[in-house]
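Peer 1: Below are the chains, spelled out letter by letter.
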Amino acid sequence: MIFFHWITGGLFIIPALGAGATAWIARAGAARRVALVTACLTLADALLLPFGSDRGLWLPMAIYCAAGFVIICSAASGESRSTRAFLACLLLCESAAMGALAARNLLVFFGFFELLAGCVFSLIARWGGPGRKKVALAFAVVSIVGLVLFAIALVGIGCYAGRFQIAGMPILLGAAFSRGGAHLGAAKLLFVLLMLAFMLRLPSVPLHHWLLDLHDQAPSPLGMLLPIAFQSVGGYGVFRVAYFLFPSAGKALWLAFAAVGVATCLFAALCALAQTDFKRLIAYHSIGQMGLALLGAAMMTPAGRNGAMFILVSQGLVSGMLFYVAGILRERAEHTELPRLAGVAGTAPLLREFTVFAILAGVGVPSTCGFVGQLLVMIGVFQAAGSARGSMPAGQVYTVAVLACIGWMLLAACMLRAMHLLLRNAELREAAVERGGLHVLSAIEVGVLAALAGLILLLGFFPRLFFHFLTL
Amino acid sequence: MPVPAVFLMLAALLPLAAFVALLLFGRRMGGATGGPLAGWIATALITGSFACSMVAMVSWYNPHTWRGVKRGMGEYPIHRDLPWIPIASANSGTSTSYLSLGVYVDSLTIAMFAMVTLVAVLVHFFTLGWIRRDDESWRLFAILGLATSCTLWLMLAGTLVQVLVFWELVGCCAYLLQAFGRQTSGGWRGAARGWVSQLIGDGAFVIGLGILVSHLGNAGMAHVWSALGGLAAAAPTAAGSALAAASHVGAASSGSATFGRGNAISGTLLTLTGLALFGGAMGRCAQFPLQGWLADSIENPPPAAALTQTVTATAAGIYLVARIYPILTPDARLFIAIIGVTTLTMGGLIALAQSDIRRVLAWSTVSQMGFIMLAFGVGSWIGAIFLLITHAFAKSLLILGAASVMAGARLEPRLAGLGGLWRRMPVTAATFGVGVLAMAGMPLLSGYYSHGVVLSHAAAFAQFATHAGGRAWGYRIFFALPMAMMIVGAFYLARVWMLTFAGKPRDPGTARHAREYPAMWLPLTLLAGLSIISGYALNIPDLLRGAVAETRRAIEERAPAGAAIGASIMPRSVSIMPGSASIMRPGASTMPRGANGAPSRTSRDSIDPKIAPNSASIALADQHVPLSALDETWPMSPRSAAASGAELVEPAESSAMASPAALAHERGEALALAWMRWGWLVGIALAVAIYWGDRRIACLLGRALPVRWVGRWLGEAMFFDDLYEWTLVKLILGTSSACAAFDEHVLGGISNGAVRLGRKLALRGRSRQVIARVTTPADGK
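Chains A and B, in that order, give the protein sequences.
Numbering of the first sequence is given in this note's numbering, commencing with residue 54 and proceeding in unit increments.
Numbering of the second sequence is given in this note's numbering, commencing with residue 1488 and proceeding in unit increments.
Simulated from the structure, these hints should not be mistaken for laboratory data.
By construction, the Cβ of each residue, glycine as well, lies at the ideal position given by its N, Cα and C atoms.
A couple of the hints might just be wrong.
A few chain A residues that don't get close to chain B, going by computed Cβ distances all over 12 Å [claimed, not checked]:
1. Gly63
2. Trp77
3. Ile78
4. Cys93
5. Leu101
6. Phe217
7. Thr329
8. Glu384
9. Ala454
10. Ala504
11. Phe519
Have a look at the derived ranges for each label pair, beta carbon to beta carbon [said to hold, decoys possible]:
12. Thr452(A) - Ile2237(B): 23 to 33 Å
13. Gly2235(B) - Val208(A): 24 to 34 Å
14. Thr452(A) - Ala2161(B): 48 to 58 Å
15. Arg216(A) - Gly2235(B): 35 to 45 Å
16. Ala83(A) - Arg1515(B): 30 to 40 Å
17. Ile2237(B) - Leu242(A): 15 to 25 Å
18. His521(A) - Arg1515(B): 31 to 41 Å
19. Lys304(A) - Ile2237(B): 26 to 36 Å
20. Gly2235(B) - Pro103(A): 38 to 48 Å
21. Ala2228(B) - Leu242(A): 27 to 37 Å
This is chain B alone, in the form it adopts within the complex:
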């Protein structure tokens, strides 16, 4: 195995080692004296894991040769499958095929490892400062280790089966954290509810996976992409998706891809498959119908909440969508965009009216996850991952900051009981403020860049779809709502800051005794630093652009059937019938659609597709194009914007700068730029004005009846919990008690009747003595 893969596996194993060690010996380390020891062991191991990820990253930047090709940043990915469970595939006749586990390393994996381990390390350090001498704290550390490890293995996954395995484990960890993280936590109900709503998503995931495996015989990443990507690109669509209409131009519209013996998957089925897989992500990322559990998870110990909301459960969902992106059909992506917009609007509005600091942050997470899904839906693959990473830093900063506030202020989570704490907690106040500004999208902080990429894509999507699809204004919501929610987001986060740190203390007792713990300073400060610089200093978009190129090469590596390397990694070669042509064509290709974020643009405009007949030369050209899509003033340069039109239309058209898509991109970007530059300030200024001093405006507003009604509606999360309680839960429990009653009385009655009958028959017969002997009391004691 090449160096990066080895180190990544090591990085994923170390937290698991922490889990095992604490499970075996944690109890002995517990108690009044040894409490912190468990924490230090876990922290040391997770720091080692971070170090391993860094080594892997460095080695990734310097490609190595393995199995005949260079593997590393911008080159080929590392891919290795290990057979796990035998299934003779339906289309392979007698030979045995396997559900495989495996390792797949590309730049996305590297970036995710860096993010997860870095946040986990900082959260661990924070936890060391946060725990009191609680003799059960080893359990918290153990489960944190398990959750981190499962997430890492998930992100190392070479096949969708492995994703499912660790997917379920991540869900289980989220449950365990909530249920057992602390001895005194009362989070059982929320924990169970969370797991059940995630299970609903998992069911959908299993359905999608089942369809894939039954058709392909396997679910290795590159295998799935190369087999289905072409079909996804050319899938005929139902009415409604203008994007699809655009990608249709010139593409040979093939109904289905055929594997083996007449084993066809149609475009509609592929859409459904994509949606089913996305259903899993909906559960993990708290997307619209399954959004409630995330807010319940605030009963978690704060470190657990920070991990769950930023780098374990939610990141797992995003990662899945990123990996299945190449096989999403335009219809599926439109659906994802709609769900994303719904979620982000809902989350943003609900966060406005929360009175608990932790709930505001949780609903803000829901809203941001909606943002990321929207990014996938409108085709901004890089923007989505970029936003995930910047969000992880900023949101864990905010959650840990809230934990620091609570720890210092007698565990008071209600905003009504806080206020005026900035004098007592200067470091917390400052770092929290940085987090607020970063999330709000203040220029030069991280959120500005990541949200900028997403919003300009959304705007371009709206523009283009409106023109090309001919449906006026319907698509505008894909830009209007997210932009509005950016402003709302700035408002509610600033509101939290104002209510917590500014003004006069509302509870003098709390304020007088409030203090902050120096042990928490280091992680808070580091996270604040990361929130500031991660937009432009950490090279994240470059890394992600590399991921796109590598994905394209992974497909290319597999696509020529019977090629030596492809065959050695994956034993079965799949012949793709009609859709395959488009894989190799650069413009309508799989991955360019698959990753038509910034990357394809940067490369595309310098290449005339007519002189670049296959994607290999595209990929080669990649290295010579300066990848500077993000300059310091604006996330997208005009040049790249023009080029990014290429992803919306056939490349033949895109070469002309004046194509409608290019125009849409230019206009969309200008629109997003105009709004982004000042939007954050509007939100923050409003919050400051309303909650300034003794909050006179807020009191005035609060007295208005409509405001109170709306506030209650939003405060109760739009009553969705009650709705589910009264419909779904009642339905299931009602059915179940009806079933139980039926079973008890009807079936039980029948079986009793049969027994009575049998007994009568037996007594009438000769075996009377036998029965009598059997039914005498036992004497063999």
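Looking at chain A on its own, in the form it has when it is part of the complex:
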């Protein structure tokens, strides 16, 4: 047992040590190698977890995050600009994300959760594009607001439960709230505070602007890190903290959060349809996916919850791949304006195939993991109607379901539009070739893209790899 405590501890200790080593080593090349090895070691450590007896959402998420960081670090080491401080910062992010996932104590979770935000802040403030000043400030403001909300909720929880161990806390809280005095109202208030803090991270409309700005200025590895680790850890909080601690409040407020989820999905999809910038389009797309995840969580049905958890992972992989493609395009063409890119992605042989694949994964074609999560969320919504619990009137549920379905279709449509604009017909492609086209992909780029595509297909074909570890 002690051994597995150390395995769990290793999840955030290894990257932290690695971060120190990377920062300490003088040569940039060696630092890159150290960073990569650290990420791989963490992954190996995470792969030992299934042999333990502990189960839960954190386990597949930890494995997925570790794999994601290996990919992010490879992508970062492919870039000549990334310095050792940058790599150290990335590893610190990994440490924070892993710590948040593995935390058994609310205070620990809170600490790692905010540390993650801090790391992302320093990444964007130090290595962002020319407009980073404003963006970093906006992000700081958002993070601080989230921190304050979370902290207030923590104080409340501490008052009612008397301790911060997550395990067993729902019972304590339930007892506290049922003991008279404080009724469901207080639970609802704490629940809403927590949800607001997490919805800032997901992000959900109307609290999403920081993400768009961040993606505008983010270097490519950070652009991948946001969906893979940052947003999904925020979503993890929704399940691990908010809905886990306050199920009754969640049930009482299901319509509000389902409505926010559907609104996020619809609004983001509609906005995405109107975008002319590839990065912004994908950013909206990832927000829309998170809206579906929020919806699945809010329905509180088994399929909905499973689907929402799966979307956290699948959205990370798919958006991560899309952002990496966008990063490649921006590096080669120096912009991501779709009308001016017309056909350019078709000029580099392998890039075209990967772009098509990434966009199809964004559409949510079956056999990619996007499909599974979205289908499950939809089925989860209907489960709520079928389960005949008095709290969820069938009419409202069906309305939500139909709207969510429209949102899903619109999300697919905006990806199709991107495909249309990026790859369209031969004349434009030939013109693009004359303009110089794109260079052939480097080995690292091919590796990163192939790894992401492999993971997307793996989870698409065998989603039980993920669900196996969930205790329902």
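Fit chain B to the given chain A structure using the hints.
Peer 2: Relative to chain A, chain B alone:
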């Protein structure tokens, strides 16, 4: 797994192997020298797939014992579910249930496999002759393989979830074919439009599936049928469906079926579920509001168009309706019939006025799909599938023939630029002519039989509904319009033939250089042969009749709750409350309604339901009844027609030959017979007369103003594209730019304001230095 299932899976895997192999190595096989190599590999693999389907079919005809019962033609189907995604079902408490994938093999599966692989093989051979030394042709072959494989897996599906999975993939393949099939194709716009309109249908499908899964906890085929079929049979209906009124007689009218703990599905919800699932098929089969995309898909390379229009996308939609048929309530079926009639009329009229050879064929496909939907709506399950199969052969013949014409005539698709080619292209002209006659419904060719089954059912439906439902004439359109469109169809196809092959060349240059490629002869000739004989020689109706019997047995296998076999295949047993009685009763049973095409008739009239208390004995009796509903002169013998009344009324009444339904069938069949026998000739004769020689009548007609207006209206596909462009598309794009503007200015403004506020606060506070340090330019390069 039993032999047929193994071979069918192999057949479905081989095209996938072609896809993977070409994706990995195709680029290296490309180029000036290796181009055809990719094609040969794909063709070899797909031929292997066809061979596997044939082996499976042979083995299916000789039933094997598996899991304790005989499985094969006319016996029990092969059914196996594999858990895929866990969902704890809402009504099962704590135990985990799954969205399953699976395999379901019955005679319908076998027939579909044979059809799909056969057409795919011939299309592949044609493509080998058709491609030039195009170094991108490997991509076309790869996607063709993927599309074929996805269709096959869809048809092997054991659960509706699996249908959805491959359903989406088939749609994706249709898009990829159009967008990437050829490097120089300009079909992006049409491709995207096609996928979006299919996505609308998919949304409906997902809604239907969601309702099913949430109530049943699973969506296995037999599970769905046995749980809901009884309810569908007894569903109370809104006003309007006379068929429903008929099936109501004596049926215990139960409001809902209940599962688990108070988890009820009502008749109305079931109707809506059926319609939602049908919505998916509307997208794939280009039914009425979503019809435009099929005509856009003509920019596809011709082989891709042939597959998309006959055996992949459209066949997938038909297959879905065939599978959900047992749970369609009478209201839902009436709706389907109405959509079918609308579509077939629209498609037929629009095809009249097209000037592009490929567009005529595409709209003809739309019209035929409407025909098939109508067949489902009026209760002719066998007729629908039969028509799908004969249509697949004839239509791929026509599309490939058109491709051969275009290849020979400098890629000219406009009818105005063709003409007089039969001397230069005798084989193409002859085979195309066969296709035209087969589609037109000339006796002894395939179309006559399949259309005959459908039309006589439609006529009987119209007759019976008019009498029983008491609404005079309203229902006559279900026969009148299809019959009229048969004649119109004969006319426009003959028109294409006349304008392409007969008369004097309108473009002497094209005609002089026109030639045909011998590499295309083989597939064209084989397809022509199939179009001729598939009506009576390939045993298709027998196979389909077997499918009906097997479906009934699949339900029976599940229905006794806790029966050993049923329980081992599907872990959860469902108790069905009130509707269940009717499942076991032969007359008002699920599948007889479910498959009340020819099959139930052939068996029904020999059995008095009162001495056959359960469906098992019905099924047994099936084997002893000579299944000869189709004799060589007419698709339906009088005997079977009389019996088929049984599906319209309770069996107690049907035993009397003089019941109104039996009379309706007799009359309807006679009516259809009279019209079918000469209708095709009218259409063709008209076309020949109008377009004969130097087309004097056509020119004369073309000068009349009303004709020109109508021609323009039809030529532009009734302006539906413009209508959608100006309403729906504008609405969505307008909303989206409004949303984007709102987001940019209002929400963005608020967030900027907040940041400014935060900055002010921060600067006022002590952390001035921190902010200053952060915002200095990066120096860590």
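Peer 1: Run the structure past the numbered hints and jot down the numbers of the failing ones, going up.
Peer 2: 7, 9 and 11
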